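Undergrad: Hey, can you work out the whole structure from these sequences and the hints?
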Amino acid sequence: MQNPILKLWLAFCTLLPLGIFLLIGASYKPPESLFYWSWIPSLDINFSLRLDGLSVLFASLISGVGFLIQLYAVAYMKPYKGRAAFHLYLTLFMLAMLGLVLADNLLLLFVFWELTTLTSYLLIGFNHEKEISRKNALQAMLVTGSGGLAMLAGLIMLGEMAGTYSISAIITQGTSLVQHSWFTPSLLLILLGAFTKSAQFPFHFWLPGAMAAPTPVSAYLHSSTMVKAGIYLLARMLPVYGDSALWFTLLCSAGAFTALWCAIQAYRQTDLKLMLAFSTNVILGQLVMLIGIGSSYAVTAALLLIAAHSFYKAGLFMVVGNIDKATGTREYHELAGLRAVLTISFIAALVTAASKAGLPPSFGFLSKEYLYKAGLEFGWLLSGSMLLANAIMVALGLLIIIKPFLSPHHEKAAPMKAIEHNQLLWIPPIVLALLSVVVPVALLNWYQGLVIDPAAAVMLPDTQVKTVKLWEGFNLPLLLSALTLILGIVLYVVYPRLKPRLDQLMSGLPSGPGVYQHILNAVIKLANWQTRILQHGHLTQYSLQFFIVLLAFLGTALWKIVLWQVHPLPSIELDLYYYDIILAAFLVIAAFVVVKARTLLLAVAALGTIGFLTTMVFLVYSAPDVAKTQLLVETLMVVFIAIVLRHLSAVNSVPRHSTSRRLVHACVAIGIGVSISLALWIITATPMNQEISEFYAQTSVSGGKGRNIVNVILVDFRAFDTLGEAVVVVIAGLAAVAVMAGKRINKLVSESTRENR
Amino acid sequence: MEFLWCLVVGLMTACGVFLMLERHIVRFLFGMILVSNAINLAIFVAGRLTRGNPPLIASDALLPAAGYANPLPQALILTAIVIGFGLLLFTLLLAYRAIKELGTADMDKMQHAETEQ
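Top line first, the protein sequences correspond to chains A and B.
In this text, residue positions in the first sequence follow the working numbering: the first is 74, and each later residue adds one.
In this text, residue positions in the second sequence follow the working numbering: the first is 89, and each later residue adds one.
A portion of the hints provided could be inaccurate.
[What the hints assert, rightly or not] What follows is a list of derived Cβ distance ranges for each label pair: (1) 199(B) <-> 110(A): 49 to 59 Å; (2) 199(B) <-> 740(A): 22 to 32 Å; (3) 120(A) <-> 141(B): 50 to 60 Å.
[Stated by the list, open to error] As a list, the in silico DSS-like pairs of lysine-lysine whose alpha-carbon atoms are at most 27 Å apart: (4) 197(B) <-> 669(A); (5) 208(A) <-> 151(A); (6) 154(A) <-> 203(A); (7) 188(B) <-> 669(A).
For the record, the hints were derived by calculation from the structure and aren't laboratory data.
Bear in mind that the values here come from a model prediction, so they are computed numbers and not experimental data.
All C-beta atoms in this analysis are idealised placements derived from N, C-alpha and C, irrespective of residue type, glycine included.
TA: Spelled out as structure tokens, the structure:
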């Protein structure tokens, strides 16, 4: 660490979370503190932050664990290139995560939600030279990002249902939204967001994939923060959706299944880090299930488990990181006797693994007791599956301790080197290990008053939670805990025989990443296919697509009006003079002549005729100014086209479309024509609002000092429009000259005239 | 009488659209002129037709004679005609340039926006 700027930067990144942690502690006054800045008031989006029991738990975990992670990363990332950037990403991620748990506005919450997705992409893909890192980072981003989009729709529906986007205001409305027809769709969409973020089955696969990240990232994002964002959202929404049967069913089934499935997956892993990743899935599943149950015990258990898991899982990840550093491998059968070099890490591992396995008096034991209490209220199915999952946790805890640290040296063991002279590598895990024991033993009352009671009051406004005790005498949950331990030891003992069988059994099943890859490939195929169909490079087909879409829009609108009699069709009034009919007839004939003309000259002549006939129409129907303009413009147009005409290719030089294609064109054209006629006819039959026209007529003399109302509108009332129009014509003229690219207009004219002579 | 002009506008639009679907770029241009004329007429008709009573105020009056023609669509069309002319001029020269550069007036052969390296 020679570079003083780098030193300063690392110090800043490390101290920032500590400062935030202290700030949160100082500004938190139960039950809640509000910070409020107006942001986009017209859209009801305020930058409002709320610090209540639930957010203080998450915010202090994020900043507190964040501080330890930054410390650890300073030591761990030392040999890496771009470590300054790494700390930047980590800090940005932490800030996004803090924003997420503090936001009191649904849309603000979404913004931070997506920011965590983006920053975690940078972190997971930090080793971007490796293809697997890039791939898994993208996978995590696509899965959580698409879930986030679904959640946005759900949040907007929730906000519209409640009439406000303020989360605290929505929560006070509580379960009153249940009758609303958007209740179920919004519930499903929000669950999709939470399940993808918190890696619930079938979206669980991105989390183990994200282990491609450096270990500090896994310790932070995939134990205590990012994956808990979904848990936080569910806990927040509990007062709104908690009473719904769908909520209970979906959360309990998804959570329990995720826990069980991922426990089995974790049991099969040989890489210690992957083992921890899958066991994180297990805890997330249990948390989702607990929030789904939503009883007083369940909420208490969830609030205990969130903190307990953050402590021991972050600690264990760091220990695995140290093992990796000391030996260069994380495969447990290549590890042995590490107790000799990683003494302090071994102690940290011992304590955190005990908490993971749920041995008394650890934090993990406490949360497991309450997990069983909550599960037992809802029968044996939930508690049974939790028992199995927890037993596997015990087996894994034993494995993590015994295999790398205690087993005697064997010939396959990787060589190891001492690394613990760097204190930053062992201080953070040992602090977390200490917390795993100190909080349940000594600080339980403090935790109860500061976190559990206020947070439970937010999640369950109507229920009083009981005081948490470490020792409640001999009861059924304790018996289950004992059973878990015995079963766990059995599972550890039979592990060498059971694992091959499991592998054999599971090998036929489709894997999550495989399915994801299939879907991704299918999407790319679909995109290719539709690009080939739509973007073929034939200009006339583009025009055809455009007009077909136009016809579809016009057609559906008119279809409703005409067939469903939304509007009765107007009667036909024909108070016509002979010149009306003559003008109309000539216009139509001239239009057909343009279509049928086989020489450009005839077409131009017919176009000119149409222009002059239109002039006549304007003249007949009291629009002298329009007629004058049309006459001038039409004359100029004919002159211009006549000048260029000689340089344009003859009609016959280009082959026509096939007859069938032209038939399709005719149908589209006639369809559009009929739609326009019909629409116009219905418009002319509906009463017209004359207000604006009358205003102009009345104020023309008094306001505009003019007696030609149309002129006054153009040069006075709408003068800026006219200025804009003049500018458009000037720009069109300049652009036209540019298109000629040096070929002077007068040269063009002289060429034309010379040829004609 | 509006009904008659509704029909005329529809027919002109149909002819214009049919021309805009042709392969010859100049015929496409003619279609565009036809459609823009038709749409101007459509706006005019939508504002109702009045015979022989233009929106003018006599020198001794403050208001136009009762039953005066609707001035608003007239102002709109006036702007539209001028802008339409600018657009037409530009498109005409663009078409001319395209024909010169690419050596064809066939829109389906105008495929390469940039010459391939």
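Undergrad: Could you run down the list of hints and mark each one as holding or not?
TA: Quick rundown of the hints versus the structure:
Under the hint 49 to 59 Å, the C-beta atoms of residue 199(B) and residue 110(A), about 54 Å apart, fit the expected range. Range check, residue 199(B) to residue 740(A): about 26 Å between beta-carbon atoms, so the 22 to 32 Å window is met. For the hinted restraint 50 to 60 Å between residue 120(A) and residue 141(B), the CB-CB distance of approximately 59 Å keeps it satisfied. At roughly 23 Å between alpha-carbon atoms, residue 197(B) and residue 669(A) fall within 27 Å of each other, so this suggested pair holds.
For the suggested pair residue 208(A) and residue 151(A), the alpha carbons sit about 25 Å apart, so the restraint of at most 27 Å is met. Taking the CA atoms of residue 154(A) and residue 203(A), the gap is near 14 Å; set against the 27 Å cutoff, the hint holds. Taking the CA atoms of residue 188(B) and residue 669(A), the gap is about 25 Å. The hint holds against a cut of 27 Å.
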